[in-house]
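Student: Sequence:
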Amino acid sequence: MNRFTLPRDIYFGEGSLEVLKTLKGKRAVVVTGGSSMRKFGFLQKTVSYLEEAGMEVKLIEGVEPDPSVETVMKGAETMREFGPDLIVSIGGGSPIDAAKAMWIFYEYPEFTFEKAVIPFGIPELRQKARFVAIPSTSGTATEVTAFSVITDYKAQIKYPLADFNLTPDIAIVDSSLAETMPATLTAHTGMDALTHAIEAYVASLRSAFSDPLAMQAITMVKENLLKSFEGDKKAREEMHIAQCLAGMAFSNALLGITHSMAHKTGAVFHVPHGCANAIYLPYVIDFNKKACKDRYAQIAKNLGLAGSTEDELVDSLTNMIKEMNKAMGVPQTLKEYGISEEDFYANVDRISENAIQDACTGSNPRAITVEEMKKLYTCTFTGEKVNF
Numbered sequence: 002m003n004r005f006t007l008p009r010d011i012y013f014g015e016g017s018l019e020v021l022k023t024l025k026g027k028r029a030v031v032v033t034g035g036s037s038m039r040k041f042g043f044l045q046k047t048v049s050y051l052e053e054a055g056m057e058v059k060l061i062e063g064v065e066p067d068p069s070v071e072t073v074m075k076g077a078e079t080m081r082e083f084g085p086d087l088i089v090s091i092g093g094g095s096p097i098d099a100a101k102a103m104w105i106f107y108e109y110p111e112f113t114f115e116k117a118v119i120p121f122g123i124p125e126l127r128q129k130a131r132f133v134a135i136p137s138t139s140g141t142a143t144e145v146t147a148f149s150v151i152t153d154y155k156a157q158i159k160y161p162l163a164d165f166n167l168t169p170d171i172a173i174v175d176s177s178l179a180e181t182m183p184a185t186l187t188a189h190t191g192m193d194a195l196t197h198a199i200e201a202y203v204a205s206l207r208s209a210f211s212d213p214l215a216m217q218a219i220t221m222v223k224e225n226l227l228k229s230f231e232g233d234k235k236a237r238e239e240m241h242i243a244q245c246l247a248g249m250a251f252s253n254a255l256l257g258i259t260h261s262m263a264h265k266t267g268a269v270f271h272v273p274h275g276c277a278n279a280i281y282l283p284y285v286i287d288f289n290k291k292a293c294k295d296r297y298a299q300i301a302k303n304l305g306l307a308g309s310t311e312d313e314l315v316d317s318l319t320n321m322i323k324e325m326n327k328a329m330g331v332p333q334t335l336k337e338y339g340i341s342e343e344d345f346y347a348n349v350d351r352i353s354e355n356a357i358q359d360a361c362t363g364s365n366p367r368a369i370t371v372e373e374m375k376k377l378y379t380c381t382f383t384g385e386k387v388n389f
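2 is the number of the first residue of the sequence shown in this note's numbering; add one for each residue after it.
Take these hints with a grain of salt, some might be off.
Capping the alpha-carbon separation at 20 Å, the derived lysine to aspartate or glutamate pairs in EDC-like fashion look like this [stated by the list, open to error]:
no.	residue 1	residue 2
1	K375	D344
2	K302	E324
3	K228	E385
4	K129	E111
5	K323	E343
6	K129	D67
7	K327	D233
8	K376	D350
9	K155	E15
10	K375	E385
11	K155	D233
12	K116	D170
Here are the in silico distance ranges between beta carbons for each label pair [said to hold, decoys possible]:
no.	residue 1	residue 2	range
13	S208	L60	17 to 27 Å
14	S69	G16	30 to 40 Å
15	Y154	D350	31 to 41 Å
16	T383	E15	24 to 34 Å
Bear in mind the hints are in silico, worked out from the structure with no lab data behind them.
Everything numeric in this text was worked out from a predicted model, so none of it was measured.
We treat Cβ as the ideally placed atom computed from N, Cα and C, and that holds for glycine.
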């Protein structure tokens, strides 16, 4: 039996943050990251709207990029002391992911992180609180997904937590928040969204429900990302919707090894997640095309790319991705990013083994061995075309 899960409500468009005034509850905890949401006034608006709804509000600020297990546990402890019936997270993917994980350990203090990383093994949530997610970046789509990525810095591994319980109750996709993104973040998050959509379109659990969302997201990213990178306001609005559509697709169809690879190198080499996805995606398409060339070719056809054969169409797709990266200053290889040969080859065996074990690997359209993963990583370092 298949399943397709979305938030109960999605509010979207400029100014949709105001819906917070209408929510019911007694106490709300607001989880956020660094200072950007405070700097641009969105955090203060969030608090005032919740107070206008009659709630007592407590802040958990300072969630770091790539949130740690320790941050999650500390936040969950704060929640247990305060006792919220509404958890609101505002910001990029990191604070929303962290808040999702805090939610688990708020409701189940005796649960362990070792259990949480087992896919679809999280106990039933909403025993104490509902969850509201408000994204400020146009990429992760964690506001509509069943995932949360948490980093164990001691083990140098990013763990994707996966469970439909983690899908927020309410997503507020207010494009005014995304207008504050700097250009580099716009590029990285936008390529993350494109990776989500393309991987969802070929993933093992793709369906007639996820395919239209994925394809529409791909089209919207192609049409709007470069303009969004240049600061076009309308394109920013379109990208904020596109990344949400991609999120709805991949949360149900799942992802593939582009994400597995990015998760494992993010913790070791500290490559930003969206940047890593942007680098790896063309190489992964070349690896996966033996299993789903027709699906990639259909994407290329839908985008109006050149090619009279499936091979030509797939090459046009990977070339398009590389050209988008180039136009936005995204490196084409890990070497170009700045990873040294010594550092890469000292770690490639370990990250290859870890990537194979990543939760996203199981839904990749083509099976992969540790040795193949090592060869694939090596191609992303040197720039050599994948032909195996």
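Student: In ascending order, which of the hints set out earlier in this document are inconsistent with the structure?
Tutor: Per hint list: 3, 5, 6, 9, 11, 12, 13, 15, 16 violated.
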